[in-house]
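Protein sequences, first through last, are from chains A and B. Under the working numbering, the first sequence has 187 at position 187, and the numbering climbs by one with no breaks. Under the working numbering, the second sequence has 157 at position 157, and the numbering climbs by one with no breaks.
The hints are simulated quantities; they were obtained by calculation from the structure and are not laboratory data. Certain hints may be false.
The calculated lysine-lysine pairs, modelled on DSSO-like cross-linking and capped at a C-alpha distance of 27 Å, are [said to hold, decoys possible]:
1. A:112 to B:191
2. A:159 to B:61
3. B:112 to A:133
4. B:44 to B:148
5. A:148 to B:61
6. A:128 to B:112
7. A:133 to B:121
The calculated label-pair distances, taken between Cβ atoms and stated as ranges, are [what the hints assert, rightly or not]:
8. B:212 to A:138: 33 to 39 Å
9. B:83 to A:49: 50 to 56 Å
10. A:50 to B:160: 24 to 30 Å
11. B:211 to A:135: 45 to 51 Å
Glycine is no exception: its CB is placed at the ideal position from the N, C-alpha and C atoms.
Number of protein chains: 2
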Amino acid sequence: MASEILLYWSSGSGPSWRVMLALEEKGLSGYGNKLLSFDKKEHKSEEVMEINPRGQIPAMKHGDVIVNDSMAAIIYLEAAFKGKGIELLPSDPAQQAPVLQRMMETNTLMDKIRNVVFINKSNLDEAKINQNKANLRAEILLWEGYLKQLGGNTFITGKNFTLADCCLFPSVAVLVRQGMDLEKHAPNLAKYYNTVKERPSAKASWPPHFKTSPDQDGLKDLY
Amino acid sequence: MASEILLYWSSGSGPSWRVMLALEEKGLSGYGNKLLSFDKKEHKSEEVMEINPRGQIPAMKHGDVIVNDSMAAIIYLEAAFKGKGIELLPSDPAQQAPVLQRMMETNTLMDKIRNVVFINKSNLDEAKINQNKANLRAEILLWEGYLKQLGGNTFITGKNFTLADCCLFPSVAVLVRQGMDLEKHAPNLAKYYNTVKERPSAKASWPPHFKTSPDQDGLKDLY
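Okay, chain A solo, but in the shape it has when bound (with noise of 0.2 Å):
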């Protein structure tokens, strides 16, 4: 069944890395894959954009079916492997709606980061950089307060692991990649990074230049 899969990725592209959280979860380790070079513009191949006209990654083909927006893909993959690997997505109704809601809110985080780090700051004045980092703070403390009011000790939406987690582990981990002190300013989700990052389906799809490449300072004057 892995072997239907084909994936194209980045190294360090979080809605890839959720893909890649998923499809280990689900149980479907060792499933085909592409690493791309977006200095190469690989994303913008004949055979990626075969897949996806968009010329973006995650791009990924599972026999004839093919899905490319990581929260699309992971839901597929969700209703595709049912029974097989970690439930990512209860059946149950209500207990679903904590899950997409906490899902689809992680993609404000990612904007909320790449306004900081990944942005180029040279059209930008002081006081839209500074507002950046105010809005990214906000952020984090919402997150950190989702946790907080769980009880600690949980995922992000309680006692088992979930696509919301696929979905949020990616930017916690850039935000310790990029320097910020998860200890001191969001206890709680420091425990959920070093919690997650243990789980065999985040080493499995660490990417491969966060271990060869050292850590950034994007978020070391965050606070």
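Take the given structure of chain A and dock chain B to it, following the hints.
Chain B alone, transformed into the frame defined by chain A:
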């Protein structure tokens, strides 16, 4: 069942409209709802903040279940009211995939409309304004192509109206509302618009201020 729902919404908000379309299609007409005014900052009221700490709309309660993000809310509604009204997400994973894919892609269309119509242009130079218009034209072409590829006369993923249409239609309606000549530049999208706007769900959820205030010209000079 509809009486257990409470939706906070505002007139013309695309994300609110998505949820309202889904509610109508699921046969839940008469659901509890409160129309909020952005101008009066009612989306930041205590009442809303209590169920959505982001102070954003839509915000939705169904009994004890809270789900605010529009994508999360409509996937939840389909699951919670399975067998009622129209089936908006097929059960078969392979058929689900294109629905989920197109659904998620509508966020990109919405963003690109926002970057032309609803952005503060005083901070943008002419090159950036023109780039945003070019991006929106390319995005519209993509959606026009999706419909063309299906042979025309269909909804966005085929012969059935789905969650993807709940998400797409509000953005297409904004293109028209803002003065784009759909017939000329995207004839399949124009056909799509004319079909969907006649559905009872579209009529029941039509933004009140679209009826009482004149059409706008934010996209008159898109081409």
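**Message:** For residue 112 of chain A and residue 191 of chain B, compute the direct alpha-carbon distance and say whether it is at most 27 Å.
**Reply:** Not OK: residue 112 of chain A and residue 191 of chain B at ~37 Å, beyond 27 Å, violated.
**Item:** Satisfaction of the hinted span 24 to 30 Å by the C-beta atoms belonging to residue 50 of chain A and residue 160 of chain B
**Value:** holds (26 Å)
**Item:** Pair hint outcome, residue 159 of chain A versus residue 61 of chain B [Cα-Cα no greater than 27 Å]
**Value:** At roughly 23 Å apart (the allowed maximum being 27 Å), residue 61 of chain B and residue 159 of chain A satisfy the hint.
**Message:** Between the alpha carbons of residue 112 of chain B and residue 133 of chain A, is the straight-line distance 27 Å or under?
**Reply:** This hinted pair holds, its Cα atoms lying about 24 Å apart.
**Item:** Proposed proximity, residue 112 of chain B with residue 128 of chain A (alpha carbon, max 27 Å)
**Value:** holds (21 Å)
**Asked** Does residue 121 of chain B lie within 27 Å of residue 133 of chain A when you go C-alpha to C-alpha?
**Response** With Cα atoms ~22 Å apart, residue 133 of chain A and residue 121 of chain B stay inside 27 Å; holds.
**Holds or violated: residue 148 of chain A to residue 61 of chain B, with C-alpha atoms at most 27 Å apart** = Distance of about 22 Å is within 27 Å: holds.
**Asked** Cβ-Cβ distance between residue 212 of chain B and residue 138 of chain A: within 33 to 39 Å?
**Response** Since residue 212 of chain B and residue 138 of chain A have Cβ atoms about 36 Å apart, the given range 33 to 39 Å holds.
**Prompt:** Does the Cβ pair residue 211 of chain B, residue 135 of chain A satisfy 45 to 51 Å?
**Reply:** violated (35 Å)
**Prompt:** Does residue 148 of chain B lie within 27 Å of residue 44 of chain B when you go C-alpha to C-alpha?
**Reply:** violated (42 Å)
**Prompt:** Falls inside 50 to 56 Å, the C-beta gap from residue 83 of chain B to residue 49 of chain A?
**Reply:** violated (40 Å)
Checked against the numbered hints listed earlier, the structure breaks hints 1, 4, 9 and 11; every other hint is satisfied.
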